[in-house]
Amino acid sequence: MAYANFITTIGLEVHVEMKTNSKLLSPSPVNFGDAANNNTNVIDWGYPGVLPQANKGALEYGMMAALALNMEITRDIRWDRKNYIYPDNPKSYQTTQQATPIGQNGKVEITLEDGTTKTIRIKEIHVEEDAGKNTHGGDGYSYVDLNRQGTPLIEIVSEPDITSPDEAYAYLEKLRQLIQFTGISDVKMQEGSLRADANISIRPAGSDQFGTKVELKNINSFSYLRTALAFEEDRQARELIAGNTIQQETRRYDEATKSTILMRVKEGADDYRYFPEPDLPVVHISEEWINEVKNKLPESVSDRLNRYINDFDLSPTDAGVLTQTLIMSDFYDKTVGFGADPKRSANYLIGDVNAFLNENGLELQDTKITPEHLSTLIKLIDDGTISTKQAKQVFTALTQGQEPKDYVEKNGLVQESRVEILQPIIAEIVDNNEQSVIDFKAGKDRAVGFLIGQIMKQTHGNANPNVVNQILIDELNER
Amino acid sequence: MSDFVNETIESVHKALVQKEFSVTELTQRALDFTEKRDQDLNAFITLDKDGAIKQAEEIDNKGIDDDNILAGIPMGMKDNIVTKGLLTTSASKILSNFTPIYDATVVEKLKAQGVVILGKTNLDEFAMGGSTETSYYGVTKNAWDNTKVPGGSSGGSAASVASGEVLYSLGSDTGGSIRQPAAYNGIVGLKPTYGRVSRWGLIAFGSSLDQIGPLTRTVKDNALVLNAIAGVDNKDTTSANLEVPDYTKNIENGVANLRIAVPKEFLAEGIDPEVKNTINLAIEQFKSLGAIVEEVSIPHTKYGIAAYYILGSSEASSNLQRFDGVRYGFSDRTGKTLEEMYQNTRTEGFGEEVKRRIMLGTFALSAGFYDAYFKKAAQVRTILINDFNKIFENFDIIIGPTAPTPAFALGSENADPKTMYMNDVLTIPVNLAGLPGLSINAGFSSEHLPIGLQIIGKAFDEATVYKAAFAFERATQLFKQIPGGQK
Amino acid sequence: MSEVLSKDEAKHVASLAKLNFTEEQLDKMVSQLSNILDLVDTLNEVDTNGVEATYSVSNNVNVLREDMADNWQQKDQLINNAPESKDGLIKVPAILDGGDINE
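Those protein sequences? They're chains A, B and C, same order as listed. Residue numbering for the first sequence follows this note's numbering, starting at 1 and increasing by one per position. Residue numbering for the second sequence follows this note's numbering, starting at 1001 and increasing by one per position. Residue numbering for the third sequence follows this note's numbering, starting at 2001 and increasing by one per position.
Some clues are possibly wrong.
Below, in silico cross-link-like pairs of lysine to aspartate or glutamate (EDC-like), each with a Cα-Cα straight-line distance of 20 angstroms or less [unchecked claim]:
| id | chain 1 | residue 1 | chain 2 | residue 2 |
| --- | --- | --- | --- | --- |
| 1 | B | Lys1111 | B | Asp1060 |
| 2 | B | Lys1093 | C | Glu2084 |
| 3 | A | Lys296 | C | Glu2066 |
| 4 | C | Lys2011 | B | Glu1353 |
| 5 | A | Lys213 | A | Glu191 |
| 6 | B | Lys1302 | C | Asp2041 |
| 7 | C | Lys2091 | B | Asp1332 |
| 8 | C | Lys2075 | B | Asp1103 |
| 9 | C | Lys2011 | B | Glu1339 |
| 10 | C | Lys2007 | B | Glu1353 |
| 11 | C | Lys2086 | C | Asp2070 |
| 12 | B | Lys1375 | A | Asp271 |
| 13 | C | Lys2028 | B | Glu1348 |
| 14 | A | Lys266 | C | Asp2038 |
| 15 | B | Lys1375 | C | Asp2041 |
| 16 | C | Lys2007 | B | Glu1352 |
| 17 | C | Lys2091 | B | Asp1060 |
| 18 | B | Lys1375 | A | Asp76 |
| 19 | A | Lys123 | A | Glu13 |
| 20 | C | Lys2028 | B | Asp1416 |
| 21 | C | Lys2007 | C | Glu2024 |
| 22 | A | Lys294 | C | Glu2066 |
| 23 | C | Lys2091 | A | Asp139 |
| 24 | A | Lys213 | A | Asp234 |
| 25 | B | Lys1235 | C | Glu2066 |
| 26 | C | Lys2028 | B | Glu1353 |
| 27 | C | Lys2011 | B | Glu1348 |
| 28 | B | Lys1336 | C | Glu2084 |
| 29 | C | Lys2086 | B | Asp1332 |
| 30 | B | Lys1390 | C | Asp2047 |
| 31 | C | Lys2007 | A | Asp271 |
| 32 | A | Lys133 | B | Glu1339 |
| 33 | C | Lys2075 | A | Asp34 |
| 34 | A | Lys19 | C | Asp2070 |
| 35 | B | Lys1302 | B | Asp1332 |
| 36 | C | Lys2011 | A | Asp271 |
Examples of chain A residues lying across from chain B (beta carbon under 10 angstroms, computed) [said to hold, decoys possible]:
| id | residue |
| --- | --- |
| 37 | Val42 |
| 38 | Tyr86 |
| 39 | Tyr272 |
| 40 | Asp279 |
Rather than coming from a laboratory, the hints here were simulated on the basis of the structure. Beta carbons: idealized from backbone N, C-alpha and C, even for Gly.
Using the sequences provided together with the hints, build the complete structure.
See below:
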């Protein structure tokens, strides 16, 4: 923060699109990327005479999100109408849960880059419907596609606990992780399945009155949002120091200038005329229903983390890296499931696999690497078939989708384990290094390492280290 | 037989089964008569000549089973109930070019029975009114006196039945829109219990109040139609998952020992003396049939109107926001901007009464007024429901007038909307409580205008309402009186 | 009779409802609505302290649809009914306020 005498308050409203089969209020399919208006029917178009049919699956996904965010589930829910007229909003009201959000009073713990942790409270989450999509033609017209209209969303509203852009960033990362592990959404910002709007205000230190909120909208990455918030923090402080007032407005982020730009000034409060939706019956969520949903919930982030630490003996750091994304964690579990050693699997994923992903700017799911292949590779190393050096070569083949065993056979990449071949080489090296023999006898273990290095060099790294070690010790003891 | 004034569904069904005439012949005659009669009456917005004949021919080809009572019977569909491929306007300019691409559930159900939809009947625009004078398609006349209103909003549905154009029609009732026109036209009209009939395909006015129901010449006809349209529907999740009885089954059982409540507020100040007399005679009639009649009180009756106009208009203001010129219906594209399109479309597309209710409802929901108006009205609704519940602890039905007066003169109440609203004082409480209510002719005024008796039942107890109405009808035989037509 | 609804409020309401009125029409509307609101104000005679509001008389609870997709294949008919369309999209005059509200 540029100006230490101001306190920043940030609120985040996060919308997450849920991966249900059908829409919130109609049976139209939820599917990204189809031809315009293909996945729409008379309900989605708000035709005269239609009525909504609320999706049980969307409610259960909402409950899953609430449980993942440590929230209380609201037992008696009614739906509300939020009225506003806009081309992508066919009924001219959005069906939401204004008065009775499905989840309330949640909290998540965020970890900042310096390792400090902080609890951020979540006010509520609503299940509601997404709007359609307007595109601007540049020909004096706009065009409306209602495929997205009615896709179930959850809106996650934070309490004003976030006091810096870094905290906002960490909070968003945490939300994304927690939601992702429930499996209810892909939570991908670039595809729009996660959208974050922020509001930010600053006030002089010591003041107990919040400053005027500025809203930031249509920002499409977490890091842009962080940069935009930092810019706003600075801009607002300079405005106040200059004696100006902050006006209530909505701004967007401009990537080119790394600054925020005014979209519109708010005139008075919005008037959405919320009222209870008379076309949908009330929902009662029983203890039994909550338990049923709990049973459907996949293993949470913290359960996986603990399992990796306790059952697989991984370090908390490694376990943390593996649970950053659901895909990585699932990949890891499957690799171990195919019989690979858990520790070596973790090392491989955190090391070689991650390096490969970073080098090529790829996501795990976009590669040809499979858990089965990786597991086979690790087993080939562990049973001494190939050396770690050879493994590097096999791994490259793996990234091209080749089966490791096939590759090893085709390329004759078998590690040298035969005693009759290794014995003479080792004997010769011991002969040539008398000083090492003396050192070994004097109890200096270093000598062994040196000799193994020499042997590996001689065998171009293809010798089986376990076999080499055994022969060498025997050889030394015999001298 | 050129019209249906002396017929019932049962009598025509019998003639069809016995092949006295074909469905096509019957339909053609009905179309011919309606075309002629409607030149003055204007009960229909759209007469679907080709469609009706096509339906009739199909039924003739298939033949009519003895127990398929509605097959081949010509009927009128209120024009706020959507019909696939057939213009559906809700009597508004904003839907004056709207052809639905799906059928309402009631239409689907009736089509499955092989009915012939003769056309779409006139109504107050979006069912907002009590006289059918706010229709974009002109006023409908009262079937008994063409200088009088037919009532509303289902004025076209009521007049078409009373005049003998069709044997029955469907209407919708948000605050009395089936019962009041039924009363003004001397026929039987039922608003079923909220949730009894699916609302899928009914163009919404007040979603928590709307119900579709039948208008017929006789009580039994009415029960026959309700049999066909009632029942749970997964497209309307507010519809009740309760078994639908055969409403004709015990209809003739009489009213001996039936406990009838007469709220004193229903016969208080503001009720026309001729109406009062007629209802008092009806009460005597019920007593003579063996019913036990007692006076009770529904103390919050008079607050019904205020609560209704807030709740109904609020829901309507939201329901009618979808008419924006974007996706269907009338759209004014003369302006350049989106905002101009919205404003021009809605300003030109809606009539005055609809705009008034949109304004009222939008105001009642707007920031700062919600608690004082919308929430307050919803609380008063609870109190009124409690009034009814208390009475139904000790009584089987409630009776009283349907409307404070007989049909009034065309144009006479247009000056002050509030006067018009007061006509609904006796029907509105029934919608607020979601109860079944039926209107049946109980006699005539000195001007020979019909006067309706309203029978209100417990929720989902339409059977008892019909039983009482049938006993009254059997005793009075008033359905045999037919409109003299033009004055 | 004081006017329960001010002309400014009526203007605000009209803009929410996207309706245009001439000054004369607005004056008439204000007077009619005020007249109706006088009647509505009789509700204040009823003591509603602690009374639950009734928003629906349906007794249905948890009437929900199972999450199964069913495409009704109505796209062509829907587009056909739209006042203006292009390439399967609904065409409207340009949206000028820069965007996606997406609340």
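Now for the hints, and whether the structure bears them out:
{"no.": "1", "hint": "Lys1111(B) with Asp1060(B)", "in the structure": "holds (14 angstroms)"}
{"no.": "2", "hint": "Lys1093(B) with Glu2084(C)", "in the structure": "holds (18 angstroms)"}
{"no.": "3", "hint": "Lys296(A) with Glu2066(C)", "in the structure": "holds (16 angstroms)"}
{"no.": "4", "hint": "Lys2011(C) with Glu1353(B)", "in the structure": "holds (17 angstroms)"}
{"no.": "5", "hint": "Lys213(A) with Glu191(A)", "in the structure": "violated (28 angstroms)"}
{"no.": "6", "hint": "Lys1302(B) with Asp2041(C)", "in the structure": "holds (12 angstroms)"}
{"no.": "7", "hint": "Lys2091(C) with Asp1332(B)", "in the structure": "holds (13 angstroms)"}
{"no.": "8", "hint": "Lys2075(C) with Asp1103(B)", "in the structure": "holds (16 angstroms)"}
{"no.": "9", "hint": "Lys2011(C) with Glu1339(B)", "in the structure": "holds (15 angstroms)"}
{"no.": "10", "hint": "Lys2007(C) with Glu1353(B)", "in the structure": "holds (19 angstroms)"}
{"no.": "11", "hint": "Lys2086(C) with Asp2070(C)", "in the structure": "violated (25 angstroms)"}
{"no.": "12", "hint": "Lys1375(B) with Asp271(A)", "in the structure": "holds (17 angstroms)"}
{"no.": "13", "hint": "Lys2028(C) with Glu1348(B)", "in the structure": "holds (18 angstroms)"}
{"no.": "14", "hint": "Lys266(A) with Asp2038(C)", "in the structure": "violated (33 angstroms)"}
{"no.": "15", "hint": "Lys1375(B) with Asp2041(C)", "in the structure": "holds (13 angstroms)"}
{"no.": "16", "hint": "Lys2007(C) with Glu1352(B)", "in the structure": "holds (18 angstroms)"}
{"no.": "17", "hint": "Lys2091(C) with Asp1060(B)", "in the structure": "violated (45 angstroms)"}
{"no.": "18", "hint": "Lys1375(B) with Asp76(A)", "in the structure": "holds (19 angstroms)"}
{"no.": "19", "hint": "Lys123(A) with Glu13(A)", "in the structure": "holds (10 angstroms)"}
{"no.": "20", "hint": "Lys2028(C) with Asp1416(B)", "in the structure": "holds (11 angstroms)"}
{"no.": "21", "hint": "Lys2007(C) with Glu2024(C)", "in the structure": "holds (11 angstroms)"}
{"no.": "22", "hint": "Lys294(A) with Glu2066(C)", "in the structure": "holds (18 angstroms)"}
{"no.": "23", "hint": "Lys2091(C) with Asp139(A)", "in the structure": "holds (11 angstroms)"}
{"no.": "24", "hint": "Lys213(A) with Asp234(A)", "in the structure": "holds (14 angstroms)"}
{"no.": "25", "hint": "Lys1235(B) with Glu2066(C)", "in the structure": "holds (13 angstroms)"}
{"no.": "26", "hint": "Lys2028(C) with Glu1353(B)", "in the structure": "holds (12 angstroms)"}
{"no.": "27", "hint": "Lys2011(C) with Glu1348(B)", "in the structure": "holds (18 angstroms)"}
{"no.": "28", "hint": "Lys1336(B) with Glu2084(C)", "in the structure": "holds (14 angstroms)"}
{"no.": "29", "hint": "Lys2086(C) with Asp1332(B)", "in the structure": "holds (18 angstroms)"}
{"no.": "30", "hint": "Lys1390(B) with Asp2047(C)", "in the structure": "holds (18 angstroms)"}
{"no.": "31", "hint": "Lys2007(C) with Asp271(A)", "in the structure": "holds (18 angstroms)"}
{"no.": "32", "hint": "Lys133(A) with Glu1339(B)", "in the structure": "holds (18 angstroms)"}
{"no.": "33", "hint": "Lys2075(C) with Asp34(A)", "in the structure": "holds (12 angstroms)"}
{"no.": "34", "hint": "Lys19(A) with Asp2070(C)", "in the structure": "holds (15 angstroms)"}
{"no.": "35", "hint": "Lys1302(B) with Asp1332(B)", "in the structure": "violated (42 angstroms)"}
{"no.": "36", "hint": "Lys2011(C) with Asp271(A)", "in the structure": "holds (14 angstroms)"}
{"no.": "37", "hint": "Val42", "in the structure": "holds (6 angstroms)"}
{"no.": "38", "hint": "Tyr86", "in the structure": "holds (9 angstroms)"}
{"no.": "39", "hint": "Tyr272", "in the structure": "holds (8 angstroms)"}
{"no.": "40", "hint": "Asp279", "in the structure": "holds (5 angstroms)"}
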